[in-house]
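A.B. asks: Chain by chain, the residues run as shown.
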Amino acid sequence: MMVVMRLVHEPMEEREIWKNVLGDIELQISKPNFLTWLKNSRLVSVDKKEGVGLVGLPNNFAKEWVKNRYHKIILTSLRNMEGSIKNIDYVVVSQNRSATNEEIKNDKKEDGAALQSSLIDSKIDPKTNLNPKYTFKNFIVGSSNELATAATQAAIKDIGKKYNPLFVYGGVGLGKTHLLQAAGNEVASRYKNMARVLYISSEKFINDVVWAIRNRRMEDVKKKYRDIDVLIIDDIQFIGGKTATEQEFFYTFNTLHENNKQIIISSDRPPSAIPTLEERLRSRFEGGMIADVTYPDYEMRLAILKTKAQTQPLSIHENILEQIAAKVQRNIRELEGVLNKVIFYEQYKKQKIDTKKLDEIIGEATQATPKNITPGDIIRVVAEFFEIPASDMTNKSRKQEIVEPRQIAMFLMRDILKLSFPHIGEKLGKRDHTTAIHACEKISRETAQNPAINQKIMLIRERLYKL
Amino acid sequence: MKLIILRTNLLEALGSVERAVGENLNLPILKNFLVRALKGRIVFISTNLEIAVECEMSGKIIEDGEVTIPFSIFHSVVRNLAAERITLEKEKDKILISSDNYEGIIQDEDPKEFPIIPHISNTGQCIKIKSDDLREIFKNVLVSVQYSTLRPEISGVFMSQSNNLLTFAGTDSFRLTEVWLGVGGYTSTLEDFSLTIPLRTAQEVAKMFSGSEEISIFADSNQILFAGDHEKIISRIIDGAFPDYQNIIPKDFKTEVVVQREEFLSAVRLVSAFSGKASDIRLKSGDNGKFLEIFSSDAALGESRYKIPAKITGDDFMVIFNWRYLIDGLKICRDDEVVFGVNSSDKPAELRGSREQNLLYVVMPIRG
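Taken in order, these protein sequences are the chains called A and B. Going by our numbering, the first sequence opens with residue 381, and the numbers climb by one from there. Going by our numbering, the second sequence opens with residue 610, and the numbers climb by one from there.
In short, the hints are calculated from the structure, not lab data. All residues carry an ideal CB built from backbone N, CA and C; glycine is no exception. Do not take every clue at face value.
Cβ pair distances, simulated, as ranges [to be verified]:
no., chain 1, residue 1, chain 2, residue 2, range
1, B, Ile729, A, Lys428, 30 to 36 Å
2, B, Ile729, A, Lys452, 23 to 29 Å
3, B, Gly820, A, Lys428, 54 to 60 Å
4, A, Leu839, B, Ser803, 47 to 53 Å
5, A, Asn595, B, Thr732, 27 to 33 Å
6, A, Asp600, B, Gly793, 30 to 36 Å
7, B, Glu627, A, Lys419, 26 to 32 Å
8, B, Pro918, A, Asp648, 43 to 49 Å
Taking lysine-lysine and the BS3-like style, the derived pairs with C-alpha atoms no more than 30 Å apart in a straight line are [unchecked claim]:
no., chain 1, residue 1, chain 2, residue 2
9, A, Lys622, B, Lys956
10, A, Lys399, A, Lys447
11, B, Lys956, A, Lys513
12, A, Lys419, B, Lys640
13, A, Lys411, B, Lys640
14, A, Lys452, B, Lys701
15, B, Lys721, A, Lys466
16, B, Lys863, A, Lys622
17, A, Lys737, B, Lys916
18, A, Lys737, A, Lys798
19, B, Lys721, A, Lys411
20, A, Lys737, B, Lys956
21, B, Lys956, A, Lys686
Isolated chain A, as found in the complex (with noise of 0.2 Å):
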């Protein structure tokens, strides 16, 4: 708590001299003229040494009024209070509000606008960089995330102390963004204005630092990262091989380390598995805590699901939400992204989604998916996955250890590639077509059922995707 002590400084005195001010001003003015003029003034500092009160108020119309015709009561009532003040100087000072949630409500957009991408995300606070919409509230904790999560938890209940730095990795679209900055959230409300946070992404973090080397204004961005007591990196991967960035990250790090302020980064590997991350900056990546985050089990997907939808006005038959929830496996975003686009067809083109609309959503959501992967590639890396060489997967052996891994690569032919069930038997060593359907069936059961074959099939999609 002392890192967050010593930015404390509540001008409490001026606050308290200032009220009993006004309360006397209120008597000698009319009270028009005091809501007009003196309702949102606030005393600033007290010089008591040269005798100067500053006061503030929010716009020049009140400041010159203020100062030609009411300097002289003010004067007098101040120096009442404080007997050191000589004089006063008027100063503007912003009305530093942000919108009340009475507003936010009134705000909402007309009807379809919520579809309408927005070029600036307008919720992101231009101080923090973070999206008030990622909070723990809303983050689905299961298995998957268990550990990442704790681990922040304790990491901003305890900032700098606990886990310094905190590393979480994990797949694209699997929350880590929302994790990093429910955590920057978090601290921003539990310590207000106390405890700067400061979130941003390495790539915005690279383009600050060269345009600094370009520009000559390395101290500013030196002040900016230093001069905070938590800072979020997300997807620090992109660092690597840049050196002056490294070296510049480096140096930051160090800094605020040294200082115990918190660091929370992310990336989608662990520090080990960056190529070209520095060897000093591994070292110090892994001195800290390392947290995974992996694939959501269809529990969560569907838990997952159910939040999203709730937010919606319209409400989304739960059979759509199963069935999105075993369907889209790889990606949170992707999960997310198939709701949506739901959510437009019924709500916008009222078209009622049946099993087949939402099979071609799904395949439009997750098009990005290869298209030049051959069944050749499956078998081969199927094969490589179970450790299994590849003229097995063909030949007529039925032992165990053979029998599953033919029978995914069967199913992940279908899935991905859409062959026909002879086709998938020829694929696999000459088989008959029920030999395929059987394995098709039997896999996409399991899927459901058992989390670790999910979990495998997971792993060898994710590898036939980065062929």
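With chain A held as given, fit chain B onto it using these hints.
C.D. replies: Same frame as chain A, but now just chain B:
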């Protein structure tokens, strides 16, 4: 105080101060405007405590002085009066309005109660722009601006001067207009700066200064002043940083569509009739990049498809837009031919005239 003013001059000045006459329950005097006759100058002043307008007019001063007059009463008197000359005279706490055959008496309110109009501290340096250019710029930029209580920092027109370029930009976070003037388009003795002019002020500026005069713009840390030959408007500026929008403007495009502007505009209007609640229409590249297909459908209404000739270079594309935003952008491009740059369905697209060198419009697609 006693003045004789031509009715036409009066009407013109009233039209000007009307822009800032306020409505304030706490301070009813804001419904009045201030008349100041001093040293051969007659000035009308009004304010709503956000902006203040000053208008100078010619007339004959018989006796110096100050009065405040309720705007609406006075305006309706002058509007309906047939006389050519009108005399304004203060007698004790009454104001006498008279012509050859008319006499009206209005209660005066103490001019000392009228707000003091702030002054710009820095009056040495300024920017000078032709009023026609300024009005045009503001009109174009305002297309993309909307008032938002949630985001006061973008509820206005961003203005910045750097590297001999004077730039104006506005956004409602769904689209963005940027307009700029190079050397020759303006003169400036100000150091480089950037500030945001409140929406309301920008709207008024876009309507004021109807003549072809030169406008001087003065600014300090929290106010901006636009001064023409007779009229002046002073306003606060928005505190809070305007977003760093340069990053949003796409640098290059996967597809570029060159198309006749009028044709594009009427095609969008035509097809929009069938768009759904989301105001969505779909743009798609046609075969061989020879035409642009504009399509919309709604389960309840039906669908419509329009193909217009276009020169398309780059990848095939299919992106959904809000047709209102497209029309807004097409309207402010002036060239006969426009270039529409598209990247993908989740990246901003850009619209600009094919020859135009100083305006661009960026618009975000609709997801789906």
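A.B. asks: Give me the numbers of the hints this structure contradicts, sorted from smallest to largest.
C.D. replies: none
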